[in-house]
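Student: Let chain U serve as the given structure and place chain E on it in line with the hints.
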Amino acid sequence: MHELSLAGGIVKLVEDAQARDHFKRVSHLRLEAGALAGVEVRALRFALDAVSPGTCLEGARIDIDEPAGTAWCMRCAASVSIASRTDPCPSCGGHQIQPTGGTELRVLDLLVHND
Amino acid sequence: MCVVCGCANPTATPPEQAHVAVNASTGDLHYGAGAARVSVPGMSQARAIKLEADVLGENNRIAATNRAHFASHGVTAYNLVSSPGSGKTTLLCATIEFLKQHAPNLPLAVIEGDQQTSNDADRIRATGASAIQVNTGKGCHLDAQMVADAFGRLDLHGHSHAHGHGHAGHAHDHHHAESLLFIENVGNLVCPAMWDLGEAAKIAILSVTEGEDKPLKYPDMFAAAKLMVLNKTDLLPYLDFDVPKCIEYARRVNPGIEVLLVSAKTGAGLDAWVEWLMHPQD
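For the protein sequence lines, the chains are U and E, in the order given.
Its first residue numbered 13, the first sequence is counted upward by one per residue in the working numbering.
Its first residue numbered 39, the second sequence is counted upward by one per residue in the working numbering.
Everything labelled a hint here was simulated from the structure, so no lab data went into it.
Note that the structure is predicted; figures quoted are calculated from it, not measured.
Some hints could be false.
Per the computed footprint, the stretches of chain E lying under chain U, defined by three or more beta-carbons under 8 Å from a beta-carbon of chain U, are [stated by the list, open to error]: (1) 87-96; (2) 174-185.
Listed next, the in silico DSSO-like pairs over lysine-lysine satisfying Cα-Cα at most 30 Å (straight line) [stated by the list, open to error]: (3) Lys88(E) / Lys36(U); (4) Lys303(E) / Lys255(E); (5) Lys24(U) / Lys176(E); (6) Lys24(U) / Lys88(E).
What follows is a set of in silico ranges between Cβ atoms, one per label pair, in the way DEER data are often shown [stated by the list, open to error]: (7) Thr67(U) / His317(E): 40 to 50 Å; (8) His34(U) / Lys138(E): 54 to 64 Å; (9) Met86(U) / Gln183(E): 34 to 44 Å; (10) Ala186(E) / Ala62(U): 25 to 35 Å; (11) Ser103(U) / Gly65(E): 23 to 33 Å; (12) Thr155(E) / Ala80(U): 35 to 45 Å; (13) Gly65(E) / His34(U): 47 to 57 Å; (14) Asn143(E) / His34(U): 55 to 65 Å; (15) Tyr276(E) / Thr67(U): 48 to 58 Å; (16) Asn157(E) / Ser91(U): 42 to 52 Å; (17) Ala80(U) / Pro122(E): 29 to 39 Å; (18) His317(E) / Met86(U): 19 to 29 Å; (19) Thr67(U) / Lys88(E): 18 to 28 Å.
Every residue gets a Cβ at the ideal spot worked out from N, C-alpha and C, and that includes glycine.
Chain U with its partners taken away, still in its complex shape:
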């Protein structure tokens, strides 16, 4: 359940932004959790619901983009799409692949209000 720690990190990033930009509440938060980021999006939502009450994130709509995984296949010398780290290369079936995308876990942007 490391998603609870991650949710705490998300709240901290938003509160740091609040300290810089002086807003009162967040109506909309957009996150990015790649398919290979090691994050269970359902658990992350549950954790955000648990930690946001009492913060400026309370009541905010939260959207989570889930970019697909991409990897470099050394045999094909090409970029390929994978859904998980255990997937073989869809072209050659080999496992000589290294993830290159879909590993990110980021706060993208937020809509904030002063009222």
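Tutor: Relative to chain U, chain E alone:
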């Protein structure tokens, strides 16, 4: 709105159906197979703030500080990760005893992570090595701040201070470890994969009583590890554990992972293991 997943109507569309793939023949559930949820335009009268900030950025910043701190003290740190019961602490005790025989002047210390009890730190201290127990409470992993706090309390840190903090201008020879810090993470093959502690390498310990498909079941951890250590090899004659298959599985998720076989109980393979620890490759 459903508070668990944010789906619009939990009665009409049970959350399970909204984002869980069900294998029709076996009934297996796979979370995380759902379509990407994309963003929706915002509201008027609102300001948009672009952050594009890494959620783990704060941890990674502290981990980078730890890494620099370790380097300035000539400390090579290893983050030992595994499921509970793989024999991490027994392997550490055997490693410490081995080093006492073969490198008696090598400074070393251990940071022990568990949810509760100081049992593991007590076992390490019984060997004569210094150890700090970190109890994470409800936490399922160590983070960089915990390691920073614990490192500051270790003799390894104080000992190095006697030689001057920072070693300004002194380039350490990183081909040979000057002192070792073992960080035994909370027994958990999922969460610790994501947290950089400032270590030179993550080392995944897998005991041969666990089943050779662990690297496929927990790919994030084996992808993050530089070395996989197969422990309890003295039990191989009594088990069906397929060592080549396990290595093949590990290399599916991490083509570059190195593999060592050891038995902490009999000492088999400890020489190669210690050789690896003493000569960290960049």
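Student: For every hint, state whether the structure bears it out.
Tutor: Now for the hints, and whether the structure bears them out:
Counting residues of the region 87-96 of chain E whose beta carbon lies closer than 8 Å to any beta carbon of chain U gives 10, which reaches the threshold of three, so the coverage claim holds. Only residues whose C-beta sits within less than 8 Å of a C-beta in chain U count toward coverage, and the region 174-185 of chain E has 4 of them, enough to reach three; the restraint holds. About 16 Å separates the Cα atoms of Lys88(E) and Lys36(U), which keeps this hinted pair within 30 Å; it holds. With a C-alpha separation of about 27 Å, the suggested pairing of Lys303(E) with Lys255(E) holds against the 30 Å cut-off.
About 19 Å separates the Cα atoms of Lys24(U) and Lys176(E), which keeps this hinted pair within 30 Å; it holds. For the proposed pair Lys24(U) and Lys88(E), the alpha carbon gap of about 15 Å is at most 30 Å, so the pair holds. Checked against the given bound of 40 to 50 Å, the beta carbons of Thr67(U) and His317(E), roughly 48 Å apart, stay inside it. Against the hinted window of 54 to 64 Å, the Cβ-Cβ separation of His34(U) and Lys138(E) comes to about 59 Å, which satisfies the hint.
A hinted range of 34 to 44 Å holds for the C-beta pair Met86(U) and Gln183(E), which are about 37 Å apart. Between Ala186(E) and Ala62(U) the C-beta distance comes to about 27 Å, which sits within the given range of 25 to 35 Å. Restraint check, Ser103(U) to Gly65(E): a C-beta distance of roughly 31 Å satisfies the suggested window 23 to 33 Å. For the hinted restraint 35 to 45 Å between Thr155(E) and Ala80(U), the CB-CB distance of approximately 42 Å keeps it satisfied.
For Gly65(E) paired with His34(U), a C-beta distance near 52 Å keeps the hint of 47 to 57 Å intact. For Asn143(E) and His34(U), the hinted distance range of 55 to 65 Å is satisfied, since their beta carbons lie about 57 Å from each other. Distance hint check: the CB atoms of Tyr276(E) and Thr67(U) are about 54 Å apart, consistent with the given range 48 to 58 Å. Between Asn157(E) and Ser91(U) the Cβ separation comes to about 48 Å, which falls inside the hinted range of 42 to 52 Å.
Separated by about 33 Å at the C-beta atoms, Ala80(U) and Pro122(E) satisfy the suggested range of 29 to 39 Å. Checked against the hint of 19 to 29 Å, the C-beta distance between His317(E) and Met86(U) comes to roughly 26 Å, which is consistent with it. At about 20 Å, the beta-carbon gap between Thr67(U) and Lys88(E) stays in the expected band of 18 to 28 Å.
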